[in-house]
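Visitor: Heads up: the sequence lines are chains A and B, in that order.
Note that our numbering gives residue 87 to position 87 of the first sequence, counting from 1, and the numbers run on in steps of one.
Note that our numbering gives residue 275 to position 275 of the second sequence, counting from 1, and the numbers run on in steps of one.
Be a bit skeptical, because a hint or two may be false.
[To be verified] As a list, the in silico BS3-like pairs of lysine-lysine whose alpha-carbon atoms are at most 27 Å apart: (1) K329/B with K304/B; (2) K10/A with K373/B; (3) K92/A with K190/A; (4) K352/B with K376/B; (5) K17/A with K238/B; (6) K46/A with K10/A; (7) K357/B with K300/B; (8) K373/B with K357/B; (9) K46/A with K190/A; (10) K16/A with K238/B; (11) K195/A with K46/A; (12) K300/B with K92/A; (13) K190/A with K227/A; (14) K46/A with K357/B; (15) K238/B with K357/B.
[Said to hold, decoys possible] Covered by chain A, according to a simulated footprint, are these stretches of chain B (three or more residues, beta-carbon under 8 Å): (16) 46-54; (17) 57-64; (18) 71-80; (19) 237-245; (20) 263-271.
Honestly, the hints are just simulated from the structure, not real lab data.
Please read these numbers as outputs of a predicted model, since none were measured by experiment.
For every residue, glycine included, the Cβ atom is placed at its ideal position computed from N, Cα and C.
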Amino acid sequence: MISNSQLVNKYFRHSKKFPHIWCPGCGIGTILGNMLRAIDDLAIDKNDIAFVSGIGCTGRAPVYVDFNTLHTTHGRALPFATGLKLARPELKVLVATGDGDATAIGGNHLIHACRRNIDITTIIVNNYIYGMTGGQYSPTTPHGDKAYTCKLGNIERPFNISALVEAAGATFVGRTTSYHVLQLQNIIKKAILHKGFSVVEVITHCPTTYGRINHKGSAVEMLKWQKEVAVDKSRADKMSPKELEGRIVTGVLIEKDLPEFCEQYDTIIEQAQNQAKGKPE
Amino acid sequence: MSKKTSYQLMQGNEAVAEGALAAGVSFFAGYPITPSTEIAEILSDRLPETGGKFIQMEDEIGSIAAIIGASIGGRKTLTATSGPGFSLMQENLGFACLTEIPLVIVNVMRVGPSTGLPTSPSQGDVMQARWGTHGDHPIIVLTPSSVEEAFHYTIKAVNFSEKYRNPVIVLMDEVIGHMRARVNLPPRSMVERVNRVQPNMPPEWYLPYERSATGVAPMASFGDGYRYHITGLVHDAKGFPTTNPSEARDNIRGLFSKIERGFREICLVDYELMEDAEHAIIAYGCMVLSARSALEQLRKSGIKVGLIKLGTLWPFPRFAIEHYLPQLKTILVPELNMGQIYREVLRVNAGKAVIEKLNRVNGTIIAPDEIVKTVKGMVR
């Protein structure tokens with residue numbers, strides 16, 4: 001596997017002034033690092049990768065890395081990525097998005113991208129909160145937990161992102177945490193190789209906002225929590241619903257082979273061109 | 001499409017679709033909305049025939065996002081919508097202005113605000129086209145006043161967007177969009193196509209937002225080996241976010257300066273019977289049709305009146321009015337809104353001539369007789 005210094009040298013933008021904007025203890029760096037390791041393992045040319053994001057802490061990931069990078073508007077990374085992928089189907093298009101970006105303001109785009117089955121890999125960083133704006137509740141903040149816009153506890157029920165994208169038709173769904181870095185790399189690799197719309201949900205921690213207001217302890221303690229609650233799908237399949245309460249099932253949850261959008265569109269072009277040949281000028 | 005010039009019966013929206021194809025548009029993303037839907041329907045058929053692509057998105061926010069993405073991939077792109085959809089596009093229109101992505105939005109206007117009077121004509125989106133997205137930004141807005149112009153202006157819109165790396169809006173009213181007329185379109189080989197300037201330096205020397213002598217930076221497509229960053233944050237010449245005041249100034253002011261340089265070329269204005277005119281009608285879109293008819297009647301009555309036809313609304317072609325102000329006593333601005341261009345005319349006039357407005361916001365057009373009556377009243 002590539003060493004950390006090689007990784008930094010090969011993939012980071014040296015002309016961009018570091019340090020990055022993320023807080024000490026943030027999980028996003030771990031996720032970005034393992035995305036890069038996955039890409040390196042797959043030996044994909046940097047010129048062939050487009051890395052697209054929306055707004056929020058996760059939205060800042062593309063600027064640091066040496067790909068074709070596109071930092072778009074809040075919630076809209078997927079439709080930008082859809083247009084780009086259709087224009088340049090040869091590109092590997094990766095999207096990084098947070099829980100608020102992907103499932104609140106971008107929720108409509110997310111479900112329709114799943115339904116279309118366009119060959120894009122979406123990494124959803126789920127830290128249960130809007131971090132960049134200072135800790136407001138998001139669509140994944142657990143019921144009863146606190147945020148700076150629900151100090152007495154959240155009365156809304158959270159989305160289960162993996163279940164949501166599965167229901168919407170994603171043909172690959174994987175879930176893991178920022179503690180399980182080898183599984184994270186492995187699932188991202190599988191997601192990139194999958195032909196169709198793939199989602200990788202990564203449970204992570206925001207020690208600065210969600211962790212602080214909910215007394216979850218330090219980043220290390222929050223990582224330990226991820227280790228404790230995670231249960232691999234192979235084990236979870238043998239567990240009762242009661243045993244699974246409060247646990248997070250990880251691993252590749254869905255993997256289906258269904259027609260991909262760009263490939264189907266190519267057949268539309270072929271048919272349309274054949275029909276046009278028969279037409280008088 | 002016939003290879004030689006020939007007459008055809010065509011609808012305004014159809015002419016837009018033909019213009020888009022003639023200009024080299026190869027990607028369309030849109031969402032159904034009356035009275036613009038014909039453009040999407042036609043291009044969904046015609047684009048794949050030419051190897052182009054069409055996608056129907058989940059909403060207009062996604063539609064403009066998808067054409068920005070495709071434009072970054074190197075395609076010439078266009079979307080079509082009407083008022084409510086145009087409102088939804090404002091967010092990403094601002095993104096395209098700041099990141100300097102070529103694209104065309106066709107807005108076939110209907111009466112607003114809100115759902116308004118669907119399918120009834122209006123010119124109520126003139127100011128929204130100028131200032132609808134937040135923040136200071138330049139914009140190019142063209143407005144055809146005939147079916148044939150819908151074809152030519154769509155081509156010009158694509159060409160301007162490529163040349164200036166800026167979104168261009170084609171504002172049509174429902175009358176022009178749905179009107180059928182005899183048109184005489186040039187063969188494809190005669191249509192001028194402008195392509196964005198691409199970088200020719202090695203990738204390691206490429207600065208994606210460093211303006212060349214023309215004021216516009218060369219634009220690399222994603223996947224062409226020039227790995228760079230595009231962001232809706234204010235950015236430096238490398239494309240990276242910055243909060244440095246001088247870099248922020250260069251970024252925003254640079255957007256304006258490239259359009260200012262092209263001002264004369266971008267401003268499309270026609271003059272009819274203006275040589276000896278003492279009175280003028282300033283009109284655009286379907287109001288040109290009423291104004292022309294009124295002009296004929298007024299000239300027959302011996303009133304020296306001419307027409308200034310605005311093909312470009314933004315940047316506002318102030319010189320077109322300034323040039324004739326010394327000879328003009330009165331100017332009438334008939335519009336299907338509460339007076340959006342009237343205010344611009346007032347601003348340029350600076351108290352020299354008598355300016356009056358004639359407005360309608362009920363879903364019907366202003367008839368020639370009403371213009372005749374108003375001009376006669378002003379002359380008296």
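Visitor: It remains to establish, for every hint, whether it holds in the given structure.
Guide: So, going through the hints one by one against the coordinates:
no. : hint               : verdict
1   : K329/B with K304/B : holds, 10 Å
2   : K10/A with K373/B  : violated, 75 Å
3   : K92/A with K190/A  : holds, 13 Å
4   : K352/B with K376/B : holds, 20 Å
5   : K17/A with K238/B  : holds, 12 Å
6   : K46/A with K10/A   : holds, 10 Å
7   : K357/B with K300/B : holds, 23 Å
8   : K373/B with K357/B : holds, 13 Å
9   : K46/A with K190/A  : holds, 18 Å
10  : K16/A with K238/B  : holds, 9 Å
11  : K195/A with K46/A  : holds, 19 Å
12  : K300/B with K92/A  : violated, 68 Å
13  : K190/A with K227/A : holds, 22 Å
14  : K46/A with K357/B  : violated, 59 Å
15  : K238/B with K357/B : violated, 48 Å
16  : 46-54              : holds (count 4)
17  : 57-64              : holds (count 6)
18  : 71-80              : holds (count 6)
19  : 237-245            : holds (count 3)
20  : 263-271            : violated (count 0)
Taken one by one, the earlier hints fail for this structure at numbers 2, 12, 14, 15, 20, listed in ascending order.
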